[in-house]
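Novice: Read top to bottom, the protein sequences are chains U and C.
The numbering used here applies: residue 1 is where the first sequence begins, and numbers increase by one.
The numbering used here applies: residue 1 is where the second sequence begins, and numbers increase by one.
Among the hints, erroneous ones may be present.
[Said to hold, decoys possible] Negatives, chain C to chain U, calculated, CB over 12 Å:
1) R54
2) A74
3) E238
[Stated by the list, open to error] Subject to a maximum C-alpha distance of 27 Å in a straight line, what follows is the list of computed BS3-like cross-link-like pairs (lysine-lysine):
4) U:K258 / C:K258
5) C:K153 / U:K153
6) U:K258 / C:K227
7) U:K227 / U:K258
8) C:K11 / C:K21
9) C:K153 / C:K21
10) C:K6 / C:K21
11) C:K258 / C:K227
12) U:K21 / U:K11
13) C:K153 / C:K6
14) C:K258 / U:K227
15) U:K6 / U:K21
Source of the hints: derived by calculation from the structure; they are not laboratory data.
C-beta atoms are modelled at their ideal positions from N, C-alpha and C, and glycine is treated no differently.
Number of protein chains: 2
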Amino acid sequence: MITSTKNPQIKHLRSLLTNRKDRRSERLFVIEGVRLVEEAFQAQAEIAILVYNREQLTLTERGAALIEQFVGLAQAYEVAPEVLQAVSDTVTPQGVVAAVRWPELESPMYGVVLVLDALQDPGNVGTLLRSAVATGIGQVICTVGTADVYSPKVARAAMGAHFRLAIAQDVSWDDAPLMLSTTDNVYAAVAEASMPYYAADWRQPSALIVGNEANGVSAAGLEIATKQIAIPMAPGVESLNAAVAGSVILFEMQRQRKLGRS
Amino acid sequence: MITSTKNPQIKHLRSLLTNRKDRRSERLFVIEGVRLVEEAFQAQAEIAILVYNREQLTLTERGAALIEQFVGLAQAYEVAPEVLQAVSDTVTPQGVVAAVRWPELESPMYGVVLVLDALQDPGNVGTLLRSAVATGIGQVICTVGTADVYSPKVARAAMGAHFRLAIAQDVSWDDAPLMLSTTDNVYAAVAEASMPYYAADWRQPSALIVGNEANGVSAAGLEIATKQIAIPMAPGVESLNAAVAGSVILFEMQRQRKLGRS
Chain U
1 MITSTKNPQI KHLRSLLTNR KDRRSERLFV IEGVRLVEEA FQAQAEIAIL VYNREQLTLT
61 ERGAALIEQF VGLAQAYEVA PEVLQAVSDT VTPQGVVAAV RWPELESPMY GVVLVLDALQ
121 DPGNVGTLLR SAVATGIGQV ICTVGTADVY SPKVARAAMG AHFRLAIAQD VSWDDAPLML
181 STTDNVYAAV AEASMPYYAA DWRQPSALIV GNEANGVSAA GLEIATKQIA IPMAPGVESL
241 NAAVAGSVIL FEMQRQRKLG RS
Chain C
1 MITSTKNPQI KHLRSLLTNR KDRRSERLFV IEGVRLVEEA FQAQAEIAIL VYNREQLTLT
61 ERGAALIEQF VGLAQAYEVA PEVLQAVSDT VTPQGVVAAV RWPELESPMY GVVLVLDALQ
121 DPGNVGTLLR SAVATGIGQV ICTVGTADVY SPKVARAAMG AHFRLAIAQD VSWDDAPLML
181 STTDNVYAAV AEASMPYYAA DWRQPSALIV GNEANGVSAA GLEIATKQIA IPMAPGVESL
241 NAAVAGSVIL FEMQRQRKLG RS
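Next up, chain U with everything else stripped away, as it sits in the complex (with noise of 0.2 Å):
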């Protein structure tokens, strides 16, 4: 049992946890809690480093089954508490963190594509990705400025979104449009615009811009936008969370999919 936050797989984790450039030159990112390792070894996902504690995992059936799929996987470690404390991203740990290759989806040939446009606040992202999934969405552009998808705060709230849609990160501006000329509908979400979202025929191949939290979408990609979209509002309302205003988007296309165009 590891019992020192100076053994080097703890001293790794925690720089995977902390730091960025390291998370992105190893391709690797850190999750945490039953659920999302759960997710992992169902996605067959790569796994670095795994520690845990089993007194921890032990308090639920979940947990306890847990611990069966990675006894005798060489990468997994038993820690200390402390340990576990240590490299948690949470106040209170499920009594499991893991180091996760960055999962490497194929973008689907048709459908829907989700444009993050510098969206700021990592609860946001994650909760885009995990509606994103819930929608049926299989690819996530996510252009220069938005916040890191691997960083802890995505991953607990996106609840392994990351396991199931093909994203692209770091995309600028410049070749976004190659990334979307499978489309000929591009809809960027904007505060006022005469046409409602659900105007829009979600049915037909599209993407959906959504951008940034203070500016909204940014110049480059209301250009790239054929056309702009909003969310009806009762007078006075200045505007939506950025996550709630997307996933309202989002599950009026899945809507008109299921039913045919209302």
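Chain U is already provided as a structure; the job is to place chain C on it using the hints.
Specialist: Chain C alone, transformed into the frame defined by chain U:
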């Protein structure tokens, strides 16, 4: 200018910021930042105490304009930056904090009622209040166990929704049926139900029950509900964030009301 955090007004504000009991006995809550205080003035809410730092507020035009609104108000006190920090719930205060009387808006006689059934996360509660206002809902019922709607975190996420909604809190499920007696359509949002949320006819007077993050709608809530609805999701996706799920349904309601039903 108040320079001591021991000043009685400051101590009073602090007690309202941190203590639910004090908020409740005085029927006051604390709001922070230019935008929220603007909303309070617009709504002609009763301001009990207002503290501000001129230097911080005049950094923006909007802040400078706001000062004009409360200059001469007996309850307005200029304070030192460290005093403002002491009554702020945020890391970087925006220069103005106020204790405001709980607004008492009348419940509309028709429309959709949103019921928060022991929703625990203040961010989720605030986000749903904001979505309720944006979709034209007039009445929100919070059952016992829901996060304090007048807590600083809820106030921040709700972005002024408190001044536009009739909010009943601490409602017991024994009393809720009476409050819902004007509608025959009480929908409980659950993880699994055969009826998708968009199959409901939201143009009819209705109520929507959104449940606790971990446990969903309570047994009492399910009993009162006339129908259970779910948000269809891609296979393998466990659940949505409660604020996103509730918002998606509220905006579908609004879409139907604007368009006629699909």
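Novice: List in ascending order the numbers of the hints, as given earlier, that are violated by the structure.
Specialist: Of the numbered hints, just 3 does not hold.
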